[in-house]
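Chemist: Residue-level listing of the chains:
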Amino acid sequence: MERTSSVVNINVLFFAKSRELAKTSRAEFTVEPVVKAGSLLIQLIESFNLKTISDNLIIAHNENYIENLEAEIYLCKGDEIAVIPPISGG
Amino acid sequence: MDHIKLIRNKIDINHIHQLIIDQSCGACSVFVGTTRDHFEGKKVISLEYEAYESMALKEMGKICSELRIRWPTLKHIAIYHRLGSVPVAEESVVIAVSAPHRPAALESVSFAVDKLKSSVPIWKKEIYENDQIGEWKANMECPWPQFTETSSNAFEYSLCKIERQVENISESKLVQIRVSDIELTRRIKCFLKRKRDEINLHNIIDFKQQLRDSPRAESMLPKDSCARTQSILVKQQQSISHIKVHRAFEDRRQTRPDYSSQLNKLMATKHKHCELVKSNVLKNARLQNIEEYMRITPDDEDNIYNRIKNIENRILILESTSPEYKYYIKLGKESNNINKKESKKGLYQSDRLSEFISGIKRQYEL
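Those protein sequences? They're chains A and B, same order as listed.
The numbering of the first sequence is my numbering, which starts it at 40 and goes up by one.
The numbering of the second sequence is my numbering, which starts it at 1170 and goes up by one.
Okay, chain A solo, but in the shape it has when bound (with noise of 0.2 angstroms):
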């Protein structure tokens, strides 16, 4: 993978608890290319007043959830990340 520059911007989309949290339900974010989940879970925490819900979060990428938090993102410009709290449909 080509890197053009250190950082890229992605878009971040947020439901439920997060959205009212964040007050919004998209945002634009600039991270490191590669980056781990969870350090990128985290650091989309601590800029979007997750932080009482912070253990309940997963994130998911291009519409594919994320599983392991430690596995490596690969983020090009303009990926979808979304900040995913519980489930509860159904």
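Among the hints, erroneous ones may be present.
Each computed PhoX-like pair below joins lysine-lysine, with the alpha-carbon atoms no more than 25 angstroms apart [as the list claims (entries may be wrong)]:
#1 B:Lys1227 <-> B:Lys1212
#2 B:Lys1227 <-> B:Lys1244
#3 B:Lys1342 <-> B:Lys1358
#4 B:Lys1244 <-> B:Lys1231
#5 A:Lys90 <-> B:Lys1294
#6 B:Lys1212 <-> B:Lys1286
#7 B:Lys1227 <-> A:Lys90
#8 B:Lys1284 <-> A:Lys116
#9 B:Lys1286 <-> B:Lys1211
#10 B:Lys1294 <-> A:Lys62
#11 B:Lys1364 <-> B:Lys1342
The set of hints was computed from the structure by calculation and includes no laboratory data.
For this one, chain A is given, so just place chain B on it according to the hints.
Modeler: Below, chain B without anything else, positioned relative to chain A:
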């Protein structure tokens, strides 16, 4: 065909039914999830659903593919989920399938509901009567950690109803705890765990005291007991059990249910019941019972290892034959005393069968 939709209007169940029925299918299974009007005694006045729509559709599609792998006979699948505000008692989700036969239809729908609850990014907020802010719910099926900060998930109030409010608690007994909810939950969990441990410990101590009560009991137990009987039931104050017994002393000599006489009955054989071992040798009563049951005569009473080894050997032999071993083994000696009654029962043993056959042969030869 797969029909997947997120919709903001009332779900038309008839329409979905029309989508999935097929001439080749003898079964249509339809699950309809509706919204409840209460939660922990609070009245729910409305519900709000939101979804990560593109991903939710994708996940619902994955469910369809998985269903088709697991139940290849499925014809049509429909998964509809409602979004936005949903009044109480209206449909929030409908999952319907058609299949040639009933098992596939029923099982796959159940599977799909579980799967939907654990993987499709949809969220529900309940708005309560006296609390307009509402609460985001979490499915039990949700695989990642759920909220612990809300009272609902931290403690099952419904299990411990407060029936009587204690009044006039002196202020000095109350302590104010200022910690985060997560910390509070952790402390409650720790408390519960400690109480559980205390109860367990208490049980063990009871058990041991029991042995001390009777001086003879002490002597008849090996140091590291593997006792499984002497139980004690202590009725606790809050208990509403009707059992009045507080202590149950089980006779150590009859630890095993009387399979033997039962088996004798079934096999229609009169077999002397194992006589209980005399009290002075109670130390090895269980071992002796086993030996007697297995028909081993110990040659060296004191060498416990030898005796165990003999039992093991016997079990190995028995395992390679049949469960009715002891009747076969016995038969050689006792076949003469077989009384007439047995034959009426219609039970045949290999020895007697061969005897019977050779009898017929002899008749023919004559």
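Chemist: Hint by hint, say whether it matches the structure.
Modeler: Hint-by-hint comparison with the structure:
Note on lysine 1227 of chain B and lysine 1212 of chain B: the hinted pairing is violated, with a Cα-Cα distance of about 34 angstroms set against a maximum of 25 angstroms. Under the criterion of a C-alpha separation no larger than 25 angstroms, the hint pairing lysine 1227 of chain B with lysine 1244 of chain B is consistent with the structure, at around 20 angstroms. The suggested pairing of lysine 1342 of chain B with lysine 1358 of chain B holds, with an alpha-carbon distance near 21 angstroms, which does not exceed 25 angstroms. Between lysine 1244 of chain B and lysine 1231 of chain B the CA atoms are separated by roughly 16 angstroms; this keeps the pair inside 25 angstroms, and the hint holds.
Simply put, lysine 90 of chain A and lysine 1294 of chain B have alpha-carbon atoms about 20 angstroms apart, close enough for the 25 angstroms limit, and the pair holds. In summary, the hint linking lysine 1212 of chain B to lysine 1286 of chain B is supported, as the alpha carbons are separated by about 23 angstroms, within the 25 angstroms threshold. Of the supplied pair hints, the one linking lysine 1227 of chain B and lysine 90 of chain A is violated, its CA atoms being roughly 29 angstroms apart against a limit of 25 angstroms. The straight-line distance between the Cα atoms of lysine 1284 of chain B and lysine 116 of chain A is roughly 32 angstroms, outside the 25 angstroms bound, and the hint therefore fails.
With a C-alpha separation of about 23 angstroms, the suggested pairing of lysine 1286 of chain B with lysine 1211 of chain B holds against the 25 angstroms cut-off. Restraint check for lysine 1294 of chain B and lysine 62 of chain A: the C-alpha separation of about 16 angstroms stays at or below 25 angstroms, so the hint holds. With a CA separation close to 20 angstroms, the supplied pair lysine 1364 of chain B and lysine 1342 of chain B stays within the 25 angstroms bound.
Violated hints for the displayed structure, listed by number in ascending order: 1, 7, 8.
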